[in-house]
Structures are given as structure tokens and as C-alpha cells.
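Student: Start from chain S and add chains E, P and W according to the hints.
4 protein chains.
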Amino acid sequence: MNELDNLRSRLETFARERDWEQFHSPKNLSMALSVEVAEIAEHFQWLTEEQSRELDAAKRAEVEQELADVLIYLVRLADQLGIDLLEAARRKLAVNEAKYPADKVRGSSRKYSEYD
Amino acid sequence: MNELDNLRSRLETFARERDWEQFHSPKNLSMALSVEVAEIAEHFQWLTEEQSRELDAAKRAEVEQELADVLIYLVRLADQLGIDLLEAARRKLAVNEAKYPADKVRGSSRKYSEYD
Amino acid sequence: MNELDNLRSRLETFARERDWEQFHSPKNLSMALSVEVAEIAEHFQWLTEEQSRELDAAKRAEVEQELADVLIYLVRLADQLGIDLLEAARRKLAVNEAKYPADKVRGSSRKYSEYD
Amino acid sequence: MNELDNLRSRLETFARERDWEQFHSPKNLSMALSVEVAEIAEHFQWLTEEQSRELDAAKRAEVEQELADVLIYLVRLADQLGIDLLEAARRKLAVNEAKYPADKVRGSSRKYSEYD
Chain S
1 MNELDNLRSR
11 LETFARERDW
21 EQFHSPKNLS
31 MALSVEVAEI
41 AEHFQWLTEE
51 QSRELDAAKR
61 AEVEQELADV
71 LIYLVRLADQ
81 LGIDLLEAAR
91 RKLAVNEAKY
101 PADKVRGSSR
111 KYSEYD
Chain E
1 MNELDNLRSR
11 LETFARERDW
21 EQFHSPKNLS
31 MALSVEVAEI
41 AEHFQWLTEE
51 QSRELDAAKR
61 AEVEQELADV
71 LIYLVRLADQ
81 LGIDLLEAAR
91 RKLAVNEAKY
101 PADKVRGSSR
111 KYSEYD
Chain P
1 MNELDNLRSR
11 LETFARERDW
21 EQFHSPKNLS
31 MALSVEVAEI
41 AEHFQWLTEE
51 QSRELDAAKR
61 AEVEQELADV
71 LIYLVRLADQ
81 LGIDLLEAAR
91 RKLAVNEAKY
101 PADKVRGSSR
111 KYSEYD
Chain W
1 MNELDNLRSR
11 LETFARERDW
21 EQFHSPKNLS
31 MALSVEVAEI
41 AEHFQWLTEE
51 QSRELDAAKR
61 AEVEQELADV
71 LIYLVRLADQ
81 LGIDLLEAAR
91 RKLAVNEAKY
101 PADKVRGSSR
111 KYSEYD
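Chain order of the listed sequences is S, E, P and W. Position 6 of the first sequence, counted from 1, bears residue number 6 in my numbering, the numbering being contiguous throughout. Position 109 of the second sequence, counted from 1, bears residue number 109 in my numbering, the numbering being contiguous throughout. Position 56 of the third sequence, counted from 1, bears residue number 56 in my numbering, the numbering being contiguous throughout. Position 58 of the fourth sequence, counted from 1, bears residue number 58 in my numbering, the numbering being contiguous throughout.
Isolated chain S (complex conformation) (with noise of 0.2 Å):
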């Protein structure tokens, strides 16, 4: 069981001994998912983009605590859809990396905005 498993499967347990499946359909937790999203980009929306990449550990530790919501319900939310969160990720990042040859797109902006 790999680690991102191992995280899942305390989250299944955690909702079910509470009885909080019910409020855990993927229309609910992408909801969820949006809202703690947003509590990231709050703390950086009137941040330089230089001073987001600098931030204080107070700082710093606030914003872990809404990166660690967002995995939270992001496996939550694979794990409801039955989605393989980790194999999605690697196959994506193969087939950008077939899609975008470093030779071709280097340091391009212009690239990237279309690669995203």
C-alpha cells in the first residue's frame, strides 16, 4: 500500500465511523474542493510574485494547513469516483512531456500558456 493509499484509507474510516459518507457525493467535495482552494489563493492575492516566494514560517505554516485540506479532500474525492489518483497523475505528466518537448518550448510563455 503506497503512502497516498495508506492516506486514503484513514479517510474512509474517519468519514464512515462519523457517518459523514453522506454528506461526501463528488458534487459536494469538489465543492469542498474549490472553497479550500481558494483559502490558499487568499493568503497570496495581493502578494507579489516575489513575495509569494518568500513567505514568513508564520506565514508559511497557515498556508500548509490549507495545502494539507486540499490533498485531504482531493483523495477523498478520487477515492468516492474510484479514480487512481497518483496513475492519473503520472500518466498526465507523460503525455505532457511527450506533448511538449523541452527542445521546442523552452522558456516560451507563449508555449506555456497553451501547453496549460
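Calculated from the structure, these hints are not laboratory results. Note that the structure is predicted; figures quoted are calculated from it, not measured. All C-beta atoms, glycine included, are put in the ideal place defined by N, C-alpha and C. Check before you lean on any hint, since a few could be wrong.
Unchecked claim - Here's a subset of chain P near chain S, in silico, CB distances under 7 Å, partners left out: (1) ASN28; (2) SER34; (3) TRP46.
Claimed, not checked - No more than 20 Å apart at the CA atoms, straight line, and that leaves these computed lysine to any residue pairs for SDA-like: (4) LYS92/S to ALA61/E; (5) LYS92/S to LYS59/E; (6) LYS104/S to LEU11/E; (7) LYS92/W to ALA57/P; (8) LYS99/P to ARG10/W; (9) LYS92/S to GLU39/E; (10) LYS104/W to LEU11/P; (11) LYS92/W to LEU81/W; (12) LYS92/W to ARG16/P; (13) LYS104/S to GLU17/E; (14) LYS59/E to GLU87/S; (15) LYS99/E to ARG10/S; (16) LYS59/W to ASP79/P; (17) LYS92/P to ALA61/W; (18) LYS99/W to GLU17/P; (19) LYS59/W to GLN80/P; (20) LYS92/W to PHE14/P; (21) LYS99/P to GLU21/W; (22) LYS92/S to ARG16/E; (23) LYS99/W to GLU62/P; (24) LYS92/E to GLY82/E; (25) LYS104/E to PHE14/S; (26) LYS59/P to ASP84/W; (27) LYS99/S to ALA15/E.
Tutor: Frame of chain S; chains E, P and W shown alone:
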């Protein structure tokens, strides 16, 4: 090296080889994360909760791509901030387990709302 | 001067008097808009659709604050981009009226999904 | 009838004639709002703040469409909740004017962050 750390390392190489690190400020990555999460929500916005639990294979394959993108940006953002994502999620879950004892909050949507 | 333009003008004065225009790049305002919209979604994430139609007065007053924030940032963003928000919405609605003839799409959730 | 109320009325007719009111629960509309706002953010995510202030005409026309969609869903959501959007924004702005006296907060990003 755990599985998520392996993904982190591949993403770092991917960005470095394309000279795309310049675009990956935490501010920008938090925006990209918001955008990808919205692409998940887009699939669910007009579905009932029940429908969201019963996606057909084609729709599920589309959602899988979006989940992959979210994990990719989340791992990349954590890396840029020097945050151990898996460890942060484990700690957060431990806090939640202590804060919401199963026998006190079972099935309560009110407690659930407060929980969040 | 229409009502929305009046709000636009007051917001411009508000920012200028506080020397906050420097923070109001379209990029930053689009992030602020995301954050405020998520604060609306936060109220609805664990509710059923039915419950979301029947908020009590206290909850509705909270949601009202969030809606106000969204309109404020939306008007401000449109202003910074030189976009006439009301005119843009009217044109978009006219396009939608032509694109989705009532007698062809009535009650269809499939058409509705495509619509969006 | 003010301009925004006129838009509200047209949107109500639009939904009723297509029997789409059934999809317009506040929960669903809040999700649609999130999705549309993310489509704005998508245009700005990899731009610098400076670049976001200087969109070319083609890009600005695209962003205008997204702003229109956000206003449309916002007006529709306010209508479904029985909220007077314009009045709510005016009241909120009056509160902010009192809370952040220009001579005390001028140019301060710290005050600005607290403001938000």
C-alpha cells in the same frame, strides 16, 4: 523516496528542462490550482448529488484528467513552498480525529458544518 | 449615469483615496473575485439543493455580504479593464436567447449542459 | 426599475421559458459562479500583474465574455435568494468607507490585507 515525492521530483525536472520555473511562483500556481479545481466542479455543477455518484465511464475518464491536473499543481506548489504535503495532511487528519470524536458528532450535519 | 456606473465611480474614489490602486491589477482582482465567490460556495457546500433554496434569515444575511463583495470586485475588475459590464451581459444574454430557442431546449438537462 | 433589475427580469424570463428553473438552486448557481470566475482567472494566471493591465483587444474581448457570464450568474443567484444585489453592495461599501478611513490606511498593504 515515497510515491508523492517521486512525482514531485519528476515535476521539478519537467519544469527545469523547459525553463518554466519562472512561471511557477506560488501566487501563479495557486491560481492554476483554482482553475483546475473549477474544471472538476464544472462536471458536477448541474448534476444532482445522486447523479454525481454515478458517472458513466466516459465522464469519469474526463474527471480523472482534471483530478490529475489538480494533484500535479498541488504537488508543485507544495514543492515551491518547501512543504511536505503528505506529512501536512497526516498531521491535519490527526488533529481532526481528536477534535471530532466519532461518538459525539456521528451523523450530525450541524457538527459537520462546524467541522469544516 | 446608471446605477452600476455609480457604484463603479464610488469604488474608484474609494481605491484612489486610499492609494490602493496599486494592488488592483486585473490579475489580483481576478484572484480576489475567486476568493469571494468561494465564500458564497462555502455556505452551500454541505446543503442539499432543497436546503439551499430555504436559507433562514441569519444565513441569508451572511450570504448577502458575500454577494456584495463579489459584485464590488467584479465592477472594479471591469473598470480596470475598461469593460462595460452591463452592456457585456446584455449582449451575452441576447446571444444565448438566439442560441437556445425555448421550444427546442425546454426542460432538457442535456441541452442545458451543452448550453453551459 | 434600475438597469440591474432589468437584467434580473430578463434572466428570469429566459430560465422560465426554457423550464431551466429546476437547475437554478442557489447551490448549483454558486458552483456555476465559481466555474465562470475561474475562466476569468485562467486568462491571468501566467501573466505578470503588468501584463494583466495591458491586454490586447482580442484577449480583452474574451475576458469580457467571462465577466458577462459572472454578472449573469450573480444576478440570477441574488434573485433566487431574494437579495437586492445593488443595495447590498452599496451598504457594504458604506461599511468599508467607515472602517478604513483614508488617512489611516493610505498605501498600506498590511492594512489592505487586513481590510480584505
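Student: Please go over all the hints and tell whether each is borne out by the structure.
Tutor: Here's how the hints hold up against the structure:
1. ASN28: holds, 6 Å
2. SER34: holds, 6 Å
3. TRP46: Given a least distance of 5 Å, the restraint on TRP46/P holds.
4. LYS92/S to ALA61/E: holds, 12 Å
5. LYS92/S to LYS59/E: Holds - the C-alpha atoms of LYS59/E and LYS92/S are around 17 Å apart, at most 20 Å.
6. LYS104/S to LEU11/E: Within the cut-off at roughly 18 Å; holds.
7. LYS92/W to ALA57/P: Measuring from Cα to Cα gives roughly 18 Å; hence the hint holds.
8. LYS99/P to ARG10/W: Holds, because 16 Å separates the two Cα atoms, which is no more than 20 Å.
9. LYS92/S to GLU39/E: holds, 15 Å
10. LYS104/W to LEU11/P: holds, 18 Å
11. LYS92/W to LEU81/W: holds, 18 Å
12. LYS92/W to ARG16/P: Holds: LYS92/W and ARG16/P sit about 18 Å apart, inside 20 Å.
13. LYS104/S to GLU17/E: At roughly 11 Å apart (the allowed maximum being 20 Å), GLU17/E and LYS104/S satisfy the hint.
14. LYS59/E to GLU87/S: Given that 20 Å is the threshold and the Cα spacing comes to 18 Å, the pair holds.
15. LYS99/E to ARG10/S: With a Cα-Cα distance of about 16 Å, the restraint between LYS99/E and ARG10/S holds, given a limit of 20 Å.
16. LYS59/W to ASP79/P: holds, 16 Å
17. LYS92/P to ALA61/W: Holds, at about 12 Å.
18. LYS99/W to GLU17/P: holds, 14 Å
19. LYS59/W to GLN80/P: The given pair, whose Cα atoms are some 14 Å apart, holds under the 20 Å limit.
20. LYS92/W to PHE14/P: holds, 12 Å
21. LYS99/P to GLU21/W: Holds. LYS99/P to GLU21/W sits at ~18 Å (cutoff 20 Å).
22. LYS92/S to ARG16/E: holds, 18 Å
23. LYS99/W to GLU62/P: holds, 18 Å
24. LYS92/E to GLY82/E: holds, 17 Å
25. LYS104/E to PHE14/S: Holds - the C-alpha atoms of PHE14/S and LYS104/E are around 13 Å apart, at most 20 Å.
26. LYS59/P to ASP84/W: holds, 15 Å
27. LYS99/S to ALA15/E: Holds - the C-alpha atoms of ALA15/E and LYS99/S are around 14 Å apart, at most 20 Å.
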